[in-house]
Every structure is written in C-alpha cells, then in structure tokens.
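> Take a look at the letters that make up each chain.
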Amino acid sequence: MNTQYGPGPHEGSNDESETEYVQILDADGNVRPGAEVPELDDEELLAMYEAIVLARRFDQRAISLQRQGRIATYAPMTGQEGAQVATSFALSGEDWLFPTYREHAAKYVHGVSLSSLLQPLYGHRDGYAIPDGVNVMPEYIPIATQVPQAMGKAWGDLLTGRTDRAVLCHLGDGATSEGDFHEGLNFAGVFDVPAVFVCNNNQYAISTPSDRQTASETIAVKATAYGVEGVRVDGLDPLAVYEVTRRALTRAKNPIDDERRPTLIEAVQYRYGAHTTSDDPSVYRDEEEAELWRERDPVDRMATFLESRGILTEERAAAIEDRVEAQIQEAIDSAEADETEPDAIFEHVYEEPSERLDQQRAELDRLREKYGDDPFSEVLQ
Amino acid sequence: MNTQYGPGPHEGSNDESETEYVQILDADGNVRPGAEVPELDDEELLAMYEAIVLARRFDQRAISLQRQGRIATYAPMTGQEGAQVATSFALSGEDWLFPTYREHAAKYVHGVSLSSLLQPLYGHRDGYAIPDGVNVMPEYIPIATQVPQAMGKAWGDLLTGRTDRAVLCHLGDGATSEGDFHEGLNFAGVFDVPAVFVCNNNQYAISTPSDRQTASETIAVKATAYGVEGVRVDGLDPLAVYEVTRRALTRAKNPIDDERRPTLIEAVQYRYGAHTTSDDPSVYRDEEEAELWRERDPVDRMATFLESRGILTEERAAAIEDRVEAQIQEAIDSAEADETEPDAIFEHVYEEPSERLDQQRAELDRLREKYGDDPFSEVLQ
Amino acid sequence: MSATDDGTRGPPTDAAVSDEAVTDSDGAEELTLVEAVCDGLHTEMARDDSVMVLGEDVGKNGGVFRATEALYEEYGADRVVDTPLAESGIVGASIGLSLAGMRPVAEMQFMGFSYPAFDQLVSHAARLRARSRGQYSVPMVVRMPYGGGIKAPEHHSESKEAFFAHEPGLKVVTPSTPRDAKGLIAASVRDPDPVVVLEPKLIYRAFREPVPEESYEIPLGTAAVRREGEDVSVFTWGAMTQPSLIAAEELAAEGIDVEVVDLRSLSPLDTETIADSFKKTGRAAVVHEAPRTAGLGAEIAATIQEEALVYQEAPVKRITGYDAPMPLHAVENYYLPQAVRIRDGIRETVEF
Amino acid sequence: MSATDDGTRGPPTDAAVSDEAVTDSDGAEELTLVEAVCDGLHTEMARDDSVMVLGEDVGKNGGVFRATEALYEEYGADRVVDTPLAESGIVGASIGLSLAGMRPVAEMQFMGFSYPAFDQLVSHAARLRARSRGQYSVPMVVRMPYGGGIKAPEHHSESKEAFFAHEPGLKVVTPSTPRDAKGLIAASVRDPDPVVVLEPKLIYRAFREPVPEESYEIPLGTAAVRREGEDVSVFTWGAMTQPSLIAAEELAAEGIDVEVVDLRSLSPLDTETIADSFKKTGRAAVVHEAPRTAGLGAEIAATIQEEALVYQEAPVKRITGYDAPMPLHAVENYYLPQAVRIRDGIRETVEF
Ligand SMILES: Cc1ncc(C[n+]2csc(CCOP(=O)(O)OP(=O)(O)O)c2C)c(N)n1
Ligand SMILES: Cc1ncc(C[n+]2csc(CCOP(=O)(O)OP(=O)(O)O)c2C)c(N)n1
Ligand SMILES: [Mg+2]
Ligand SMILES: [Mg+2]
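If you're matching them up, the sequences are chains A, B, C and D in order. Start counting the first sequence at 1; every next residue gets the next number (our numbering). Start counting the second sequence at 382; every next residue gets the next number (our numbering). Start counting the third sequence at 763; every next residue gets the next number (our numbering). Start counting the fourth sequence at 1115; every next residue gets the next number (our numbering).
Take the hints with a grain of salt, since some may be wrong.
[Stated by the list, open to error] Pairwise CB distance ranges, derived in the manner of DEER restraints:
#, chain 1, residue 1, chain 2, residue 2, range
1, A, Q359, D, E1363, 33 to 43 angstroms
2, D, R1161, A, Q359, 28 to 38 angstroms
3, B, E720, C, V1072, 34 to 44 angstroms
4, A, D374, D, E1363, 54 to 64 angstroms
5, C, E979, B, G542, 26 to 36 angstroms
6, A, A326, D, Y1250, 28 to 38 angstroms
7, B, D638, C, E836, 26 to 36 angstroms
8, B, D638, A, E43, 54 to 64 angstroms
9, C, G896, B, D423, 36 to 46 angstroms
Don't read these hints as lab results, they were simulated from the structure. Computed from a predicted structure; not experimentally measured. Built from N, CA and C at the ideal position, the CB exists for glycine as well.
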C-alpha cells in the first residue's frame, strides 16, 4: 500500500483528528510527492474523466430543464461528480449500489441509463424502475434509511455465499445524525458484513453546516463507535476516492486475518451549487467559501493529470464534449417522449392486487370514461 | 484530580481501549494504592452504605412478592445497587433524574419513596405519579427514548438560565444500539448541554451479551462520535462511581474553558440475577461468569472499606438492617393498602378531557352501575 | 364545541398570487397560508418568551417553505434553532424542553419524514401526562407540511393524519385558510397538550386573505362550515377544502345544495358539527387525500352512523386517495380527489 | 375471498392449560397458540432454507415468550439471529435481507416497541415494490405480540393494528387459535409481500387445540365465522374473539342469536364475509382492544354502510378500548372489552 497519505488535513477543512486523510492529486492535479497512482490503464482513466465531464454537463442541463419548468425539483451534484464517478468505478458489476437523491453520476456509471435518471424528474410512474441486471436501488429520499438496508443486503449476500460481491452505500453528512445511520453501522460492525459506506461530506445538509451537525472531530472517527474501519479522503480527488473505495471493497470481499469487512469512508467535498433547484444557498453561506473549494475542482484536476500524462489531448477532449452532449440530448428526448397511464397507480402495490384496489381501479376507469382526462389535469390549488 | 485511574482493564472485562478506567476500591474493598477517597464525611459514607443495603434487601423482597403473585414482573438490580446509589448521591436536589425500569435505588436516593417504587408493580393507576419537588421522571420502558428527552431537559434548563442544575440520564448497554441513543448524544454534543449519561453496562441486554451488541471496543469510546467526554468506571465500586459522576456533574454545570459539558459514563457492572422475574438467565449464561463478578460485590466492598475506617461497626450494621427491614415492610403495607378507581383511566389524558372521553367515562360508569364490578374482574383469556 | 361559520368562504380559485403581502383598508394584511403560519409564530414568540422554534433548516434559512422566515433574525439562535438532521432527536428534545418549561414548536420538514419520530410522539409526547398522573405535561407543537400535488416524490406527499388521530393524548389540526392558520398556530402553541399541526403545503401560496395583525385563537376542536347547504354534507379539511367548494358551486347549478364543512380539527373531532350537519342533510361525503382504508373518512362515517343513523339516506361516500402509495407526479392528479371526482361522488350520494 | 368456517369453534374457556404438548389420536399435536407460532416457524424453516428469524433474544433465549424456542439449536446462528437492540435496524436489515433473496421473519419484542421501526416499515418495506415498479420486493414477516391483559405496563399492551392497516403495501393478520397461528405464519412467510403478524399474547397459552403436524396455509385475506347466528354479527379478532364467543353463548340463553366473525386478516379485510354476514343479520358490533377513535372498528362500520346500508337496522356498535392510554394493570380489565361489555353492547344493538 504505497499510496501517499496526506500529511495533514485538507486545506479547505479544519479538523485535528488523527484519522488518516488520503490524497493522491494535489490541488492543481499533479501527483503528490510519493503518492502512487491507482493501477488503471489509459482507457480507464479516460473513461473516468469522460464520466465526470458527462456528470457535470448533465447537471447543467438538468438545472436548466428545471428552470424551464420541464422537470421537477432537481438535486445538483456539481463539485461532487468526481467522488460519485470514482466510487462507482471501483465497483464490479456484481456489487450493489444504494444511492441517495444526489448520486446521479454514481448510478449512471453503475449501469442506470441517463434517460432513466431523468424519468422521475418528469414524474413518470416508471421513474424508479430499475432494469434487470443493474444492481442499483431506487434513490433513497428519507435520509439514512438506506444504511440498515444496505447492511442487510450485504448480510444476505454473505449468508447466501455470494462472497464475490459487496454493497456500496452512499449517504450525506447530515445523514450521520439519523438513528438509522447508527443502527445500520452498528449492525454492520456486529455482523461484519461486506459493505462500504461512503459519506459524501459536502459540508452542508441543506443550510446546516457540518459543524452544527455533530461535535465529533470528523465523520470518519465515528467508525470507532462501531468497530469498523474509518478513513477520510479528499473527495475532490477522483484518484484518491477510487483508491480508497477499491481498497475498502477488497477488504469487504476478502478480509485478511482479523480485519473487519465494513468501512466508513468520509469523502470530504463540497456542493458547489444549491441543495436542490428550490434552494438558495446565498441565504446561508458565503460565495467566498465555495470559491476556495472550486479551486480544487475534480474536473480540472483530472484534466491536468491526464494532460500531463499525454492521455488527454485537445482532440480527445473535444470528442468527449461532443459525445456527452449528444448522449444527454438523446436521454432528454427519450424521457420527454414517455407517457404514463394513470392505471399505473394501482400496479405493483402487491404482487396480487387486493380486491379493494381492483375496485378502486375500476372506479377511476369509470370516472375517466365518463368525464375524460381533462378534468384531471386541472391544477389543484 | 488525584483519583487513581485503574492502570488497566477491569479484571472481569477484557478490552484494550485507551479510555480511562476509574477504580478507587480494589476487589476486596481496600483503597487502591494512590487512589483518593472522595470527600464525603462519615455520615455520608454510612448513608451511602445504608442505601446500598436497602436496595439489596428491597430487591430480595420484591422478587419474593412477585413469586407470591402479589406484584407484576419486576426488574431486579442486585449487583447494580452500588452504581445506582452512588450516581444519585452525586446529585443535588435540583438535578433531574431520568431512570429506566431498573433504577429503583437511584430513584429512591433522589427522593422517590419506597412505596412509590412498588405502586406500579401493584398496577395502581398512580403508580408512576411523581410527587411535587421530586425531580425524577417516570421510568422509561421503551429503550433509549429517555436519552433525547434528558438532553432536551438539560437544554431547556440552560436556555432558561437554570445553570445550577444538570440532568442525569441512565441507560443500559443494550440501549446504546438504539437510534435514540445516537440522536440524543449527538444533540447533547452539538448543543453542549449540562447532561450526564450513565450507561449501566451490566454485560447483557436480556440474553444478548455486550459483545454481540456492538463491535466497538468499549461503550465509553462511543463518546468520541459525539464530541463529548467519555469515561469508564468500575460500576461495582461505589466510591469510584460517585467520584466520576460528581466530576461529570461539576463539569456539566461549570465547564472550564473549552471543556464540553456532557459526559458519557460507562459504569462496568453485572446483573447478578435475572433480567426480570420472567427471565431465566441459565438459558443464556454461565453461573461461573456471574461468580467472578460477585467476588467484587459492592455491598461487601463498601462494608470492608467502612469497617477498615472504623465507620461501620457491628452495632451500626445491625441497626441498619433493622431500619431497612422496617422501611421496606412499611412500604409494602402502604402500597398494598392502595386502591385504584377505574375512573382513573380517563384522567390526565389531556388537561381538559375531550367530549368523547367524557362520553366513554359515562359509558363505563353506566356499565358498572348496571352490572357491578364483579364481571370486570373476570380473568380475560 | 360548536361550528364557527367565521365568514371565511374558503379560498378563491385563482391559483397564482403575488409574493408580496398587501395591507387592506382595515390594517389586516393579506397573507398567504404559509405567511400566516409564519406570522402566527412571530406573534406567539413575541407574546411568550418560552416559545421556541426548532428543526431542520428553520433558522438562517427560514425553513424550506419559508414558514419560519425572519424568526432567526428576530429572536436569535437560542430560540430559533437549526438542529442536526434527526427527527426523533428533535421530538425527543422538544419533550425535554417542554419539561423544562419551554414551549417548543418543532418542525418536521415533511410529514413523510416524521415517522422516525413516531415513537417519541406516540409513546411519550402523547402519554407523559397520563403516565405521570398530571405531574408532567408536554405542551409542544409539531408542525408538518403534508399532502400531495406539489410534483414531488412520494415521501413529500404523505397525508397520514389517521396515524396521529388514533393516538390518545395527541391533538391534530389542519388549517385551510390563512386566517385559520394563524389562529390554529396560536391555539396550538398555547394548548397545554401536544398538538400536531398539519399544514397543507399545496395551498401554502395558493391565495391570500386578510389576516388580523393582532393575535387570536381558532379554538382547537371546532369545525367551520364553509358553505351552507341543505342536500348533502361534505366533510373535508386542508387542501381538499377548495376542490370541495368548487364541486359544490358546480353542483349548485344542477340544483344540488351542498354543505361544505372544513373540520380543521382532526383530533378531537367536532362531532357535534358533523352530526348537526348530517342530521340536516341525511347524506354525506368525506373528502381526503389519504388512502381510503382506515383513513379518517372511516371514523367520520362510523361516527355519523352512530350519532345519526336514523337520518341516513345514503352511504357516506368516501372520496379519497387510493390504497396505493402516492404515484410520481405525472399522474398524481388522478390519485388526489379532484373536483370532478368530488362532484361525481356527491351526485352518487344524492342519487342513492 | 370468502369465509372459511374451519370448524374451529374458538378457544374453550378453561384458562389454565398444562405446559406440555399432547398428541391426539390423529397424530396432530395439541398446541398452545405460541407453540403453534413456533411450530409454524420450524416448519417453514425446514421447508425453505432462505427463511431466517431475527430479533432481540430470539436465539439462545428462544424469545421472551418462547415463540422461537429451539430454532437456534435446530437451524444455527446464521438463520436464527440475536440482533443488537434496535428495531429500525432489525426491520431495515430485514428489507436488505429480502433483497438478497432471504425470507426474514423479524420479531419486535412487543408491538409497543415497533414504533422505532415505523419508518422502515411504512416508507420502505411497504413501498419498495411499487417504487421499483415490481423490480424489487420485500417478502418479509414482522411478528409482534400485541394486546393487553397481561398485567404489564402500557407499552407492553398496545393494540394499534390500525397504524399498519392504513399503509398500502403492508398486509396485517392476527390469529385467534393455535391452528390459525401456524397456518397464518406459513402463509405470511410464503407471501411475496411484507406481512405484519400480530400475535395476541394474552392467549399465547390460554388453551390448546390439535394442530396438524404437516405444513398448511390459512390464506391471507380470509375471515373465519366462529359461530353462526341470525340476529346480529360481531366482528372481532385476536384475543377479543373469546370474550365475544362467551358473550354470544350467554345471549343465546336470552334468545339472541349472535354470529361471531374472527377477521384474522386485518389488511386486506375480507369485505365479502363482513358484508355477507351483515346482510343476513342487519346489525353488528365490532370488538377490539385499540382505542375507539380511528380504530379499525371505524373502517368496518364504514365498509358496512357502504356495502349494505339498505340492510342496516341499527348503528354498528363499537365495543373497544377507550381513547386513553392503557392504564396500569389494576384497572386494565375495565379498559379492555370484557364479555359483560360485549353482551351489553350487543343487546343495545339488538334493541335499537
Ligand atoms: C428523514 C428525512 N428528514 C428530512 C429530509 C429532508 N431533507 C432532504 S435532503 C436533506 C439534507 C440532507 O443532507 P445530507 O445528508 O448532508 O445530504 P446532501 O443533501 O448534502 O447530499 C434534508 C433535511 C429527508 N429527506 N428525510
Ligand atoms: C424499544 C424497546 N425495544 C425492546 C424492549 C424490550 N426490552 C426490555 S429491556 C430490554 C433489554 C435492555 O437491555 P439494556 O439496555 O442493556 O438494559 P438492562 O435491562 O440490561 O438494564 C429489552 C430488549 C423495550 N423495552 N424497548
Ligand atoms: Mg451534505
Ligand atoms: Mg444491560
């Protein structure tokens, strides 16, 4: 393990904990002295970069779709794409992903199509449908509820002997305050399950800064309370995040000796923009603070790193931009073409609908037949 | 602060944590080399001892009342009386106590009468009534729910400028797994409230041993996750428990410089007997294990300590036994003399009863008038 | 308890209103419902030092719906508190604050996020008075925006008022107008027992009405007759009041005279007003957003047949959300009772 | 769905039974209700490797009520698991286990301690199928002893079945006999959706009846007519079945012929059996332990008047717990519906 551990805290944060802090790229995208770059070939590094660029463009388009009133409230990820893409890059196809409402890029890299990402924003009933063979859960909106579930999924895989796989569970810094975070992590420690919990500490839970969220010195240190591994990583350094996640996944699947399987990763990062498109961050934080973080931007750092190695050329960069734009446009077109039948309301409540539900479905059918669909599109208010 | 910190782990436990472990008396009741005895005069020490003896006798009587079918299920405290009495001795009358179903002695020392302790066991409606001026909450049965409430009470006292007081909140080792423990402690750290949380780690949550409850090395170390003080103490050493609690309460009321107010105390102890009178511990644990702990008995250790100082004489010991027996008998007589009116069901649901509740009360009154009380005493089943 | 026809004829139908408060000739400001909630909190905090507000993002941010706007600036960080993200902690701490003599007003950001606090609410807030035989009480308020129609995923659109109404010791209210919002907030804050205030976020900004500047209470436990009628009674609350009134007007044209009763208080129910209205009309519908089965519509139907069976000429029609989770927003208007469904249901009742 | 009168005439009245199982001539063992629960778990675990049991003290200790006795010894620590003390963790983990292909049977030690898990149950277990459009499902069982009468403090005596029955996506069942207990456990374990099994602990050991050794299912959603009658229908479940049957026998002497329907399935309700019985009698009472307001009695009354108003000759009488927390045990028998109250209520219905 020759990866260089950052000698001290991230310049943008201010803690005094003893937890290790992992960085591979410096703020400008140069490999830190003594740090070892993960074993990824040029193709892979380029693919990671492309996904990060795609994530950023997707975010911009989604925000603008929302402003145009075409989609509902959207939770942006700009500033956090590096960590999202890198964590998913560390996964194998067999691994499972438990995302929140913000991990669009993490889902995409693990197999969810871009148009699928947009579906719920258009409100289509199939919005959360997950295709066969894609090991991703529908986004978790109630904060931290995914933590015990991810633990249970990992436990079940262990019990059924599927030792080739692990579960990766995302959560925010705010999520660490919920009881479910505690219960899930504690279960993970006790049952020693193959799960990796990635806390995307983007410094805020909506308007509440991390230091009002908890008095603990770091989030990673909370791992001690559960007897699991804790590690902090520069969340704007995709290579460091990749490496830390890869190691945690390896340990989850093949613990050495008395090592414990589960890990809590604190990926220190920043939400550049608003919590969601309904949020106005200027009410509760300074633009100057954001600027400090933007100087360590994951897109820029990866670009510098790849350029310095001759992997990213101007030509390739242009091709990436083109591909990405086309992909996003296609996804939007496809999502906008979708339609939802009101009948969908009654589907999949149970495997077999109850009699009552069938009656209710008939009730709605009768009303639509009698009055048509227009009266149902009246804006309620 | 010259109290001696135990050089290593409790002989009866086996952890390797770095948290301090406080002991003043050795297993035989002698003051440990270099340890300093708390500043309590002879009267106070004797009173503490008498309360511990009373607790043990009370426990024995309650268990036998239950066996005779005179009271309902009872949660014994033998082995834990030392910690209960010592923590309450450290309280001032203004301080508040949040007990569980097991802290009979802690409640008694803080002002709840013995007959009051028995009331709920006889099922009297007034069972949980707390007299004016006694700062004790009704026992908390849903595990860990008292933790955020105790935090809130301490917060409210701080907000209203009642800085002369602190809140002491008991909980079990099992309780540390609940979300409410986490949320309460985290709030306590963030709002820096004058609260002391005493985890009576009696090694079991019913049948589940502490090491299946959590993979963390100690319970005290969980304090780190909340940025509050954590300390471990020999819970069978009343002097050590007293001292640790006193210090925590002092810090809660008057933190020095940047010290934080809240403390999590892990009082390492053992439940000698059953979880409750419905429980049979032989199903899940070895008698031998219990024997190891009984060798460090708090009653014996206090007796030895007091005898060695000439504070406890044979005569005084006999007088204590007599007083204690008489007190307990009186409490039983008084609790058994109590009666409950069924009407009590409808009282205190709201400050003003709702109309519906009044109608329901009238409904029951009418039935009792019509049929008498006999048909209501039929055993349901 | 008896009905108060307070003259508020319910919300007008123009959906979009300006974001600026308007002061009318009498000095009463024209406020939206959410502004009136906020105004109610301001008034109560000014009146009583022990009133405090706590929750997620209620401080500097003024609440994700702006329901606590400017409270932080006015009353400071001690009385308007951003808490960690933990609902059980918020309600548990509020119980403790109550015990210390404070009057906490806790916000759950959405009803769908109140369930982690369910245990603290039903096992403790509701029962500490009874458990302690009146020694301790929990005069707290839990505010939560509820209901659908805002184009948000399922958890943001919950309407499970029945969960809270089934727990003895809790009170549950929901305003349908700005004026009621302020008055119910005031009454809830002053009430000696825990009150759950459900705020219909769909109509947070739907319309304005004059709201008195001074403080006043809408007594808990009282329904409001929003429209008098002779033929059939509609019992509803919150955001369903308006489509019910629209349906009533449309039916008036057909010669069906509908009485619309806005219950306002879901626990305790104003049984007297319900029974009186029903005895007059002999027919009724209940309109709510919640799933039908075991919703409050059942309680109202049961109450009616207990109190007034001999007057009953038709089954009490339940016009409600379906027994399914709230769908994604493309079809949520099919899930929620719309005027068209209400109209049809009422006609069915009348034609029975 | 239709009623199964399975010949079980409900519990005999002798309260105390020996603790030893008796094998009858047909090879069916005489079991108590809790033994039958345990037997059901044994049979299901033997049948299907993916069935596992988890909860507090369900392992070595065999459950605080012995409902999981000997499972640990038989199936080992991987399939019979003592968890940390955390209900939300237990239900959340069980959801995850389900996603991994297991069939977890989670125990909540008492219904009153299930509320910390309320969010996981209603927000996720109930809805993951719908949210994922059928891609994921949660075939788990949550067992919980419920109800009063055991001389334990309030939290141990909860009967809040309405909380669960109001959530679409959950099923809720409760047995009143040993035979049903085993059959409902089997059907619940095999069901593709989450089922809450409420076990009436008051009658855990109240009586024995022959329970077939082999495995069988009592289909979810079906009520059982425990006593046929012509004059009035009593709808009840769980531990209230027996006092209802006692009251029925007593009233028979007065010439009142009572039909007693044990609903068994509280969600979905067997509406057909309810309506059929009511159409025959025209009069009904609902007997439950839960507080009256917004209890399931309301749903049944509402359903009856929807389905059969023209047959209705008297209000549906709700004979229930009061709208107050369960009192301490000295007076709990005044809180719970006793035969005397049931008798009186039925008479009132008949005399209406
Ligand atoms: C249980 C619950 N409570 C409240 C909310 C409302 N809410 C949505 S996002 C959010 C902040 C989450 O912060 P964090 O965990 O840091 O994640 P981030 O949004 O920063 O990625 C809140 C309070 C929720 N979704 N669930
Ligand atoms: C929320 C909740 N879940 C389950 C129970 C049932 N129960 C009562 S005591 C107990 C064990 C508690 O263990 P611990 O916290 O160590 O305290 P101890 O009894 O050992 O003093 C359990 C599971 C409960 N009372 N509350
Ligand atoms: Mg965050
Ligand atoms: Mg314990």
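> Against each hint, give a clear statement of whether it holds in the structure.
Now the hints, each set against the structure:
1. A:Q359 <-> D:E1363: 33 to 43 angstroms: holds, 36 angstroms
2. D:R1161 <-> A:Q359: 28 to 38 angstroms: holds, 34 angstroms
3. B:E720 <-> C:V1072: 34 to 44 angstroms: holds, 42 angstroms
4. A:D374 <-> D:E1363: 54 to 64 angstroms: Because 59 angstroms falls inside the window, the suggested range holds.
5. C:E979 <-> B:G542: 26 to 36 angstroms: Once the Cβ atoms are compared, 29 angstroms apart, the range 26 to 36 angstroms for B:G542 and C:E979 holds.
6. A:A326 <-> D:Y1250: 28 to 38 angstroms: Given a distance of about 32 angstroms, which is inside 28 to 38 angstroms, the answer is holds.
7. B:D638 <-> C:E836: 26 to 36 angstroms: With a Cβ separation near 32 angstroms, B:D638 and C:E836 satisfy 26 to 36 angstroms, so the hint holds.
8. B:D638 <-> A:E43: 54 to 64 angstroms: holds, 57 angstroms
9. C:G896 <-> B:D423: 36 to 46 angstroms: holds, 41 angstroms
In this structure, every one of the numbered hints holds.
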